[in-house]
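Chemist: Residue strings, one per chain:
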Amino acid sequence: MTFEDQRTTVYKINPEHPESETLPTLRTEELLLNMGPQHPSTHGVLKVILELEGERLVKSTPVMGYLHRGVEKLAEDGTYHQFIPHTDRLDYVCAMYNNFAYCRAVEKLLNLQVPERAEYLRTIVAEVQRIIGHQFWLSAQALDIGAMTVFFYCFRDREILLDWFDELCGARLTTSWYRIGGVERDLTPSLIDKLKQFLDYFPPKIDEYQVFLERNRIWLGRTKGVAVISAEDAVNFGLSGPVLRGSGVDYDLRKYEPYSAYPKCEFNVPVGKNGDTYDRYWIRVMELYESVKIIRQCLDQMQDGPIMADVPSVTLPPKERVFTNLESMIQQFKLFSQGFDAPPGEIYCGTEAHKGELGFYIVSTGGGKPYRLKIRAPSFVHMGAFDHMARGYMISDACTIFGTYDIVMGECDR
Amino acid sequence: MGLKPATNPDVEAATIELSIDGKSVTARDGVSLYDVIAMTGKIIPAMCYHYTFDPFGSCGMCLVMQEGKKAPVRSCTAKAAAGMVIRTEGEDLFLARKKAVEKHLSVHPLDCPVCDADGHCELQDMAFQHGVTNLANAKQKFIPEDTRSPVLDFNMNRCIACAECINVCKDVLMIDALQFMKKGGFNQVVAKGDLALDCEFCGDCLAVCPVGAITNKFSKYLYKPWQMRKTTTTCNYCGDGCQLYLETKDEEVVRVTSPLSWKNKWGDRSETAKGHGGICVRGRFGFEYLDSKSRLTQPLVREGNRLVQKPWLETMHQLVDRVTEIKDKYGADAIGGLVTARCTNEELYLFQKLMRTGFGTNQLDSSARYGHMNFVLASKQAVGLGRMPNDWEDLTKAKAIILFGTNITETNPLTAVRIKEAIRVYKAQVMTFDSAITNIAKLASHPLLIKPGTEGAVIDGLVKATIDQDLVDEGAVGKHPQALEALKSAVEDVSLERLAAQTGLPVEAFREVAAIFAESTRSIILCGEGIVRRTNGYQNVLKLMDLAWITGKLGRAGCGVNTVTEEPNEQGAVDMGAAPEFLPGQARFDDPAVRDRFSKAWEASLPPVGSGARLIEILKRSKSGQIKALYILGENPLATLPASMEVRAALERLELLVVQDPFLTETGKLAHFVLPACTYAEKDGTFTNLEGRVLRVRQAMDPLGESLPDWHIMTAFANAMGCRWEYQSANDVQAEIMKLLPGYYNLGQPRKVVPVPDQYLSNDFAAGVKARYQQRPPSGEHTRPFSLSMGQLLVHSGKLSTQAPGLIKIAPNTEKLRMNIRDMERLGLQDGAKVRLTSDRGSLQLGVQPDQSVAPGTCFFPEHFNEPPVKDLMPVSVDATTGVPSFKQIWVSIEQA
Amino acid sequence: MSVAALTKKILQAALFYEIVDAMKVTFRHMLHRPMTFQYPREQRTIPDTHRGALGLLRYDDGRERCVGCDLCEAACPSHCIKVISAEDPARPLQRYASEFYIDITKCVFCGYCVEACPVNALAMTKMYEYSTHDKRSLLFDKQRLYDIGERHLDDGKKYLYAHNQEKNVEQSREYRYYFPQSVQKSTQPPPKHLS
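From first to last, the protein sequence lines are chains A, B and C.
Residue numbering for the first sequence follows the numbering used here, beginning at 4 and increasing consecutively.
Residue numbering for the second sequence follows the numbering used here, beginning at 230 and increasing consecutively.
Residue numbering for the third sequence follows the numbering used here, beginning at 6 and increasing consecutively.
Note that these hints are calculated values from the structure, not bench results.
Heads up, a few of these hints could be off.
Stated by the list, open to error - When the alpha-carbon atoms are kept at most 25 Å apart in a straight line, the in silico PhoX-like pairs for lysine-lysine are as follows:
hint : chain 1 : residue 1 : chain 2 : residue 2
1    : B       : Lys368    : C       : Lys172
2    : C       : Lys87     : B       : Lys459
3    : A       : Lys227    : C       : Lys13
4    : A       : Lys258    : A       : Lys276
5    : C       : Lys14     : A       : Lys227
6    : B       : Lys492    : A       : Lys372
7    : C       : Lys163    : B       : Lys478
8    : C       : Lys163    : A       : Lys197
9    : B       : Lys1038   : B       : Lys1100
Treat the numbers as computed from the prediction; the structure is a model and nothing was measured.
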């Protein structure tokens, strides 16, 4: 019996039905299933049109734009400085890294040197943010697949870091702590203490997460060999971050284009072999250990010093000088009302966020506002490979595959 | 360009060569080095420099290195010389400039938070650009703020002593109201004599102030420059058509700024002939009526004795029913219309189209009829060109200018600045004939005060003196010997001595003026309200044409007979055919070919020839009951014309009076329907200024309340009357005009048309010339001793400006008659004393005040105010040819009340 | 792989030993104190740096700090501030904000307005519980903002100290805006820090 026949018989299940003879032969075709935009596992408002043959995915077409807010256009409206809070809302789970990537891009445009202490602070906070990001991913991925406990444990530990952010900059998620030319506020002794405590507390907790997953045969069954992508394909699709490294490509911008304080720290870049979901999971967990390592090194190496570059045409004056000195007052007014005068040109600057390469492309025609700003969001690029990676897997694997990219729609749709 | 431009625009200065930053540059000899550098595209900071006046050299920013000199030199005051080697960039120059900025900063207060210039401040820009961070020995001046002037506040703490305000006032505007004064250890800018500032309040000092030392009282502390939206538009106060920036915040007009500003200080000095970019007091401070509380925001419909607010739809239904009823009952000739020349070209075009095709009547007229029509018809008759032949550039570069009966600094202040520049830069000889002591007369080479109402006689005298002295240009008159003979025989009986007695001028004056005018290479006549708004205006303009013709100035480049207009679009009203004798493009209404073209284009038949009526005729027909319905768009005849015209009776007799206006005017109060219209700030369109340039009017804000642009209302009206107009915007109307009048918009530049008098001279000239120079019995035998004239004030324009609180604050209605101080002394009158003013038309009681600009034997009352109703003392005489009513002058007696 | 290891692995697989492992962790947590707390009966301790609702501050002598310079409006990335400034009717020649609105529904709590303010008139407080049934009441006007500033004055000041906007010393309280005087009459003596 062919597949077609099977279907017809299924439909004509009741031959006693009085009209059964008059029923036409039903059309057999692939089933179109709209998944999302209100599906919990799509991590926001993503819709994917799945073409199914039975339970197999034949083709899947992601439909984006449900969370489109025109962020790139907003950037053209305000000064360079004013765009920082907007970057918080790209990947809203990891605002710090967005801030970081954006500030780096603008600094590259301006050719601005950031003081050393600021670089260490930036690295520390970026790695804390990476820990949060991976925790969040782990919890969500586990929950999608059905493991709930990990979710609670991850969120418990994430909470500690969010409170730490709150104390650092005043907000838990929408941080806006990075500034063009440095950072807004220095680490206080109490913050450093808290961070050190956390670093001691955290590695055993990572082991704890693993207890639930590493040998869990459901987890293994649903991750091993799922959504495999070869190294070549991964490169061709422009994947980056753990998704790329999972396929065995040793590519990490922190190593290849070292920035901030990364070149001064020792750390490994975990690389997978099989390019499946399990390898990507493993990389992220390993990165948690690496992040802890980096933070420890930075805390040890960090010296006292300024946290903002002192370039009067770009950076704000210290507030107390604004009250007493005209030139600082003028600086304050010019920078806030008109912004600094960026040189004409275009620049691309990629930063290794925990999801992958987060890049900002800025076109400046001079003046205080960018002429055009384009965000290379890893989530968006990864969604491009969705169809390729999901083809042939079961419908229930779709959730796993969303999860394995670590997509956040705020960044994807912008 | 240049330190001192050549006084003769035909002669160029010698060319020199010098090297700037290693590049060889050619320039004219004697010009400022700064200008030469600016010409190459390099911008050197300079805070006290502006291209409109001579370099002052106080800021010390424009430093450059000259080879062979140790210290940097100030490039603005240095003259470019052949062989100079100049370097404009380098670390040493940057530091020297930084030092100069620091010098200014160290005494500047920490005012940025409260300063209105913050964000539009050159000192801020310079400090920021040069990265000034650490100032040693900063101290403040603690100078109190001078708030005595009604318009401008002077905060000398912020002053950097660049003297731009003083220079622009003295050099460009020649008013000289500001000066430096050492007070409290600092050089401060104060009004002349450290009194409260009392000047023309053009506000150009405010525009060029690079810091916030001079602030606008009307927008003080309201908003910062970066918050406001800037719209470039055209001023709607007078015919100069100045470009200005309306700065708005949401639904509020905050302030008006001019293209003249410290921000555009780099320009070619010789280009100022086209205008220096400034605006006058009306433009700069008269914006408050735009968002005034007294604006109409809803249609009003008469119910019994009251006007009741109604929604648009209901109003239009009722209105159209009434109009249709009247049209069906009495025919199209029972409908008339008046339109103001403050409307845009598009609206004027639609108005005449609505009247002619929608209602089928040719009884329409515009406010150009109050005077400008005299000039247009005379000029069209004589040279075939219904507008001024010259533009501002010609005026600036003229060598001899005769101003006839125009108080030009008051009526058209920016055209006056062109004449001032002609005097100052090109050393023009300016001859003024006026019965008042005008401000321009004070600057003129030949200020000639004449007796009131003798302008016509003066022209007779000039023509006679020209012929007597044999100043006739043979080349010009050679072609038309009969015409010259006719003119010669016409002026044969004219006696200069008698004219001298009549006008109060010496005989030599006629001869000298005639000689200067005839012998100059570029001579211009400019006639104002003293000619075109008075009796015999048409004939007087023709006589001026005669004068220009025999001296060979008619048709020669840079010469001609010109006028000024009071309302922004009087020229446009004529061009758009908002007059019974014209179709659009000044085509004659009775020309069958043109009628055919327009009726085809409009797909409607035009009203018959001969059915038209002009302003005064329309009012007469209204009174006689021939016209039953009158559509008045922005006009206010009740408040404009004297009581003897019985306008009120005429309007009350109407079965339907529709008034469309932004404000509820006196005429509007009598109306059956009042439709709320927009001001120019709320609509798009164009104005045609007195030069014939078509200038854009741009929408700066949304219409207030439910008011609508006039073109919108008219389109709705026409469609309800059965026309099929498909205009969605003013641009659609413009497209239609472009099709019908190709080249009219012409990128804002008027088409150069060479006036050709040949047609006129060889045909009708001889017939009319005799009558023109007929000596009327001298009208000197007045029973009453004083001449009362009504005219414009600098600060006001028509009745519109009285709606602007700012202008009223500067020049309120004093309700006083302005007299010469000597006359007052002679009559024993004190300032403010009550007098009884009696004319043949009646008498009224009012106060008097002395006024320097009023000549002995005359008195003056501004035409903008009807309280007390001085205008009702005036008689009205209507010009037979042009139908222009003149009602601005009468003889009165004054006695103490 | 040795036989023993293989046997162990087979045994573990057969007995679902990983579940035992995981259960150990889970049961250990049963003895742990709860990580959650009962909001709103219990409240979080909020750090001084916290960026909560905005308030306007006064000087110690009760005068409004704000001079209506509109810089907060310019700095705001979400355009939620509207300042209408004017000449103070009570003090001629002095500028003040006659109206001040913050649309808190639009506010993104980035704190740029505080950073921009040249007189430290704005501060963020620890107030975050202002949800309401009526959205219109979330347009904070000048009165409301001063009320917040007054009620949370300590929070506001601590915020300024924590974010390096103001130093907690006597001297910094003297920095206030000095207005020019009228030519007609003088109103205030020059302040110490400017002379």
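Chemist: For each hint, tell me whether it holds in the structure or not.
Modeler: Hint-by-hint comparison with the structure:
Straight-line distance between C-alpha atoms of Lys368/B and Lys172/C comes to about 24 Å, which keeps the hinted pair within the 25 Å bound. This hinted pair checks out: Lys87/C and Lys459/B have alpha carbons roughly 19 Å apart, not beyond 25 Å. Annotation: proposed proximity of Lys227/A to Lys13/C holds, straight-line Cα distance about 22 Å (limit 25 Å). For the given pair, Lys258/A sits about 19 Å from Lys276/A by alpha-carbon distance, which is consistent with the 25 Å threshold.
Between Lys14/C and Lys227/A the alpha-carbon distance is near 19 Å, which keeps this suggested pair within the 25 Å criterion. Between Lys492/B and Lys372/A the CA atoms are separated by roughly 20 Å; this keeps the pair inside 25 Å, and the hint holds. About 36 Å separates the Cα atoms of Lys163/C and Lys478/B, which puts this hinted pair outside 25 Å; it is violated. Our distance criterion of 25 Å between C-alpha atoms is met by Lys163/C and Lys197/A, whose separation comes to about 21 Å.
Distance restraint check for Lys1038/B and Lys1100/B: the Cα-Cα separation of roughly 23 Å lies within the 25 Å cut-off, and the hinted pair is therefore satisfied.
Consistency with the previously given hints fails for number 7 only.
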